[in-house]
Every structure is written in structure tokens, then in C-alpha cells.
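On the provided structure of chain A, position chain B as indicated by the hints.
2 protein chains.
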Amino acid sequence: MDFRAYIDQATTIALISHISPDGDNLGCLTALAESLRQLEKDVSAICLDEIPYNLNFLYGIDKLSKEWEKDFDLLITLDSSSLDRFGPGQDIVNKAKYKINIDHHISNNLDFDLNIVKSDYSSTGEVLYELIKDYNLPMDVNIAESIFTAISSDTGSFKYDTCTPRTFKIAADLLELGIDQNKINTNLYSKNSLEKVKILSIILNRLVIDKKRAFAYSYILKNDLKKLGAVESDADGSVEFIRDIDGVEVAMVLKEIDHGFKGSLRSKNDKNVAELAQKFSGGGHVKAAGFTILENNLDKAIEEILNNYD
Amino acid sequence: MDFRAYIDQATTIALISHISPDGDNLGCLTALAESLRQLEKDVSAICLDEIPYNLNFLYGIDKLSKEWEKDFDLLITLDSSSLDRFGPGQDIVNKAKYKINIDHHISNNLDFDLNIVKSDYSSTGEVLYELIKDYNLPMDVNIAESIFTAISSDTGSFKYDTCTPRTFKIAADLLELGIDQNKINTNLYSKNSLEKVKILSIILNRLVIDKKRAFAYSYILKNDLKKLGAVESDADGSVEFIRDIDGVEVAMVLKEIDHGFKGSLRSKNDKNVAELAQKFSGGGHVKAAGFTILENNLDKAIEEILNNYD
Numbered sequence: 001m002d003f004r005a006y007i008d009q010a011t012t013i014a015l016i017s018h019i020s021p022d023g024d025n026l027g028c029l030t031a032l033a034e035s036l037r038q039l040e041k042d043v044s045a046i047c048l049d050e051i052p053y054n055l056n057f058l059y060g061i062d063k064l065s066k067e068w069e070k071d072f073d074l075l076i077t078l079d080s081s082s083l084d085r086f087g088p089g090q091d092i093v094n095k096a097k098y099k100i101n102i103d104h105h106i107s108n109n110l111d112f113d114l115n116i117v118k119s120d121y122s123s124t125g126e127v128l129y130e131l132i133k134d135y136n137l138p139m140d141v142n143i144a145e146s147i148f149t150a151i152s153s154d155t156g157s158f159k160y161d162t163c164t165p166r167t168f169k170i171a172a173d174l175l176e177l178g179i180d181q182n183k184i185n186t187n188l189y190s191k192n193s194l195e196k197v198k199i200l201s202i203i204l205n206r207l208v209i210d211k212k213r214a215f216a217y218s219y220i221l222k223n224d225l226k227k228l229g230a231v232e233s234d235a236d237g238s239v240e241f242i243r244d245i246d247g248v249e250v251a252m253v254l255k256e257i258d259h260g261f262k263g264s265l266r267s268k269n270d271k272n273v274a275e276l277a278q279k280f281s282g283g284g285h286v287k288a289a290g291f292t293i294l295e296n297n298l299d300k301a302i303e304e305i306l307n308n309y310d
Numbered sequence: 001m002d003f004r005a006y007i008d009q010a011t012t013i014a015l016i017s018h019i020s021p022d023g024d025n026l027g028c029l030t031a032l033a034e035s036l037r038q039l040e041k042d043v044s045a046i047c048l049d050e051i052p053y054n055l056n057f058l059y060g061i062d063k064l065s066k067e068w069e070k071d072f073d074l075l076i077t078l079d080s081s082s083l084d085r086f087g088p089g090q091d092i093v094n095k096a097k098y099k100i101n102i103d104h105h106i107s108n109n110l111d112f113d114l115n116i117v118k119s120d121y122s123s124t125g126e127v128l129y130e131l132i133k134d135y136n137l138p139m140d141v142n143i144a145e146s147i148f149t150a151i152s153s154d155t156g157s158f159k160y161d162t163c164t165p166r167t168f169k170i171a172a173d174l175l176e177l178g179i180d181q182n183k184i185n186t187n188l189y190s191k192n193s194l195e196k197v198k199i200l201s202i203i204l205n206r207l208v209i210d211k212k213r214a215f216a217y218s219y220i221l222k223n224d225l226k227k228l229g230a231v232e233s234d235a236d237g238s239v240e241f242i243r244d245i246d247g248v249e250v251a252m253v254l255k256e257i258d259h260g261f262k263g264s265l266r267s268k269n270d271k272n273v274a275e276l277a278q279k280f281s282g283g284g285h286v287k288a289a290g291f292t293i294l295e296n297n298l299d300k301a302i303e304e305i306l307n308n309y310d
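In the order they appear, the protein sequences are chains A and B. Take the first sequence: its position 152, counted from the start at 1, is 152 in the working numbering, and no numbers get skipped. Take the second sequence: its position 262, counted from the start at 1, is 262 in the working numbering, and no numbers get skipped.
Next comes chain A alone, as it looks inside the complex:
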């Protein structure tokens, strides 16, 4: 069966986010959910985690559910590269009759009935756009805004060199559909919450630069978040901010979690940060990767990371 045939045979379809969902993930989820609803499918769009406040503008985001109870004829995952990305949602993944995996991560290791993984695409949004077009699924301005959000989020507004002529052509197509760029860009890029800004300030204040390696790193603790009434995702963006410092090649931000730290890595040029992440069973791309280190002591965690930094 091809992508369209799997959809056509299904009555109930579940779309599931990954944990800590981002713009590419929720942009794709809302886009495909709306498209499938227009096909009169019984769609359950499941979000396994808090919705970042700057993605609340997405059409259909209010239909996302945090609960599930049904078995589904078809499950479609978007932008999720491995089973552990589904956290508590793994039972849905196990129970679905058919499963489709749509992604752009080179590290994707899901083995579903259909795996549409295009690692030379900038974003899952780009993969999804082509699927919707190629398989004649419904498309309208709301779906287009969700897909533009997905692509823009995952390319830092068309700044990453994962962008290809195709990426820009798709953006042109989406604009032709009448999307409100100002709404999307204001939400994505001019809505820094005060908590986010305060966390950035703390992270910058603790910045350490290893000049020899052009490696800059910092951290945020659970207690910092608590004091500010902030959530973990409020630290998003800070690692890119550090990467963008002149002379920095690799940036890392560690976020304290229950049993250690979650690390986000960003590379400016050629250094492959996925390799470092893999040493801690993490993954990602050359220029953006993540991992978890099960070490509660900050100094020890940093030492271990530095020892594994080639």
C-alpha cells in the first residue's frame, strides 16, 4: 500500500507528537490533522507534552488532546526518529493496526509499515508538503500556515544550510496560498516570554568559553526554572544564541532534569555534534543534536562531556 492507500483504508487515524514538541512537529501535526479531517477521517491528534506558548496560534491546536483510549486503524508519526521520542505514548504506537513514519532525521530508526524519511529535507514540514501535494490530500491556507511554521521553525527562518532550492520553492507555493507571514513570524520570533529572557540572561551570565576548541557552554538548573516560574522549554533558543557569538564553533546548553542533564548542541560550521551526542546515546544532525547524561553533579557532567569532545 502507498501513503494514500493506508489513509483511504483507515477510519480512525492517530497523529502523535514527540515529547517536547517543537514547531516542525506541531506544525506538521496540525497540518496533517486538518487535511485528514477534511477527508472526513476520525482524527485523534495527540500531544504528549506541553504546547509551547508561541505555537498556540496554529490552526487546530485547540483540538490536540493529551488523552487517548482508542485503538487506531492508522498511526502517523511526524518528525520523530525513535520509539523513545514518544515517551508515555508508546502504547498507542504498539496498538495501532498500521503505522507510518514521516521524518527528515538521518538518525531515524523506526521500522513501521511505511517509512518516509528524507534526510536531505530541511524539515518534516517539507516532506509533508510534498506528500500532501503528491497524494492529492486537502490543502488550504490554514494547513499552509502550519507547514510554513514547521519549515520556518526548523530552518531558523530559512537560515540553515539544510535549505535547498526546494525549500524556498515550497515557501513560495505556501505564500501563494495567502498565508499570514506576519502572524507566523511574530509568534515564532517576537514573542520572547519574560521567563525565556530571564533564563537567557542566567545562561549567558554563566557562559564558559573553551577558546582552544571554540566551544561555548552554559547550564540551567531546575531551581532556576522554579524561581522564575519557568518551564524547561523556556530555555529553548539559548543554545542558538550562544552559537551565534563570533568565534564560537560549537555551543552547548545543559538543562538539569531529574536524574542528570539534558544537553543541546549546536554547531556553526563543520563540526559534527551528532557524534558527540551519540557518545551519550543521543542523536541528531551535524549541526543540531541532543543527548541526556545521567549524572546529577554538574561539574562531573561537564567534565565527562569535555572528555568525550574530540
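Please note that a few of the clues may not be correct.
One copy or two, it doesn't matter: identical chains are merged, so the pair holds either way.
[Said to hold, decoys possible] 25 Å max Cα-Cα, derived DSS-like pairs, lysine-lysine:
id: 1; residue 1: Lys133; residue 2: Lys169
id: 2; residue 1: Lys95; residue 2: Lys226
id: 3; residue 1: Lys271; residue 2: Lys191
id: 4; residue 1: Lys198; residue 2: Lys227
Note that these hints are calculated values from the structure, not bench results.
For chain B alone, kept in the frame of chain A given last:
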């Protein structure tokens, strides 16, 4: 004569920047200069001001001259909307045999032999790309990189709603020519100095939000700059950063000077900050204004400003 005919009749061609040149201006200048050189024209590319350090990567930027002495068969201006934008370069404008004005500013009031002003274009780069293509002028990867730089600079990397499907299609065409996106974007967007970042951190750390007025303010002292080896201009950009916080309508950053404080004001929407600046003999526009307050005591200075805030 059309655009190409003016070029064909000319042996000596001058291209001139505006004062305080930016990415759109110098991107277009280097692009057209290289294209015309490939036609074996005697090209003088004149830059009237300092070249911003993050544009030094542009191909042919080293051929820009700060001196001029010749009369020219043809002068082409790019991204300049009025005569006063040429500052000391106005003598070249007066002496040239023929003059062409290429721009995208709606306020353009130059009256040259040929005026190619497209106010619905995102950037002069976009106008120039079409001219090069329509009139069959030489194009290569270096020229494409300059034009991409021009367009990206003037759209905040494709974020402003001056972008149209055409803008994205042109970007796709430029990528097809093999441009190095990473080089361009690193230079344009990833060259924050460490001093700048540290100062931002201090300013954010001191941020006060007057919720009733949606007024957020902070300050930087001479001593902060001294400790960091920073200069006053390293605080540039911080007031815009504060303005972009969710819920903030007006942002202010005070910088300590010898006899008091220099204030920078930014407004997100309708509040006219020039009115506040004028109360301290300052000035500016609705959304961006500045003033100086001759009061050395920070608390008293802030109190006086708050007392004058309507």
C-alpha cells in the same frame, strides 16, 4: 534607451553606495559591479562610508573605492531614495552623463534618466536580480551570493512581510547557482561579539517591567563596559531585544555617560516614544527615539523619566 542600452553605450560606469551602507546596498553594488566587469566595462564601485565588518566577505568588496576623480559615462545608484543619501558623493551624481536609479523604497524621489523603482519588492536585491536576468547580464555564483545577501539583509532572513512568492522563488534560483548559504548567514547573523552578549546579559538581568504601562527598562553603567572591555555601541540591539518580549509595548535602555544617562526608546505598536524623548530635548520617530538626561543618580534619573511617562 532601455537599461541594457544605457550599459552598452557606456565605457566608464560608476556605482555609488549611500551613506551608512547596509547589506542590500553593498550586496547590490558588488553584484552589479562584478556583472558589469564581466562585460569588460571600466567599473568604479564607490563606497562613501565604512564597510560594516560583517559584509567584508562579499566578492569584490576589496575593489570598492573611497576616492573618485573621473567623470563617468553612466552612474547607477542602488537602494538610495534621495540625493542626500549620497552625502559627499553628490558631485559624482551631478557630473555623470547618464544616470540610472534602481531602488525599492516607496519614498524614492530621484529623477534620473531611468528610474527603476519597485516599491512592492522586498529589497533592491530583488529588483536587481530581475534586471540582470531580463537584460541578459552576466550572472555567476559570486554575483548570486551578493544578491542573496542583499535580499536576506533587507528581509531579516525572509521574516518581513515584504516577502512575496517572487522573493522566495528568486532565493531558490540563487541557491541553484550554488551559493554558500552558510557563509552568508554566518556573516550576517552569527557574528555577535562576546562583549555584546555579556552586556545584553547584564541588561536583561536588571530588567524592570512596569506592567501597568507595559514599559520595560534597564541600564548599563560605564563601569560595566570597563570591566568587560566593551564600548558603548556594544549595547546596541539590547533595546530591540527588550521590545520583543511578549507583553512589552515600550522598551528603554539607559547608558551611563559622563554627566548623566543616554536613553534609547523603542515602541512595539502605537505608543509614540518620540514624545517622551522630546520632554528631555531628544527626538526620533514614533517607534524609535533617544534622549539625554543630565542626572548622574540612576534612581533619580529613572524616577524623572517615569514621572514624564504619560
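Now the hints, each set against the structure:
Proximity of Lys133 and Lys169 under a CA criterion of 25 Å is satisfied in both settings, with 13 Å inside one chain copy and 18 Å between copies. Taking the closest pair of Cα atoms, Lys95 and Lys226 never come within 25 Å of each other, the shortest separation being 37 Å inside a single copy and 63 Å across copies. Taking the shortest alpha-carbon separations for Lys271 and Lys191, only the inter-copy value of 18 Å comes in at or below 25 Å, while the best intra-copy value is 31 Å. Taking the closest pair of Cα atoms, Lys198 and Lys227 come within 25 Å of each other both inside a single copy (11 Å) and across two copies (22 Å).
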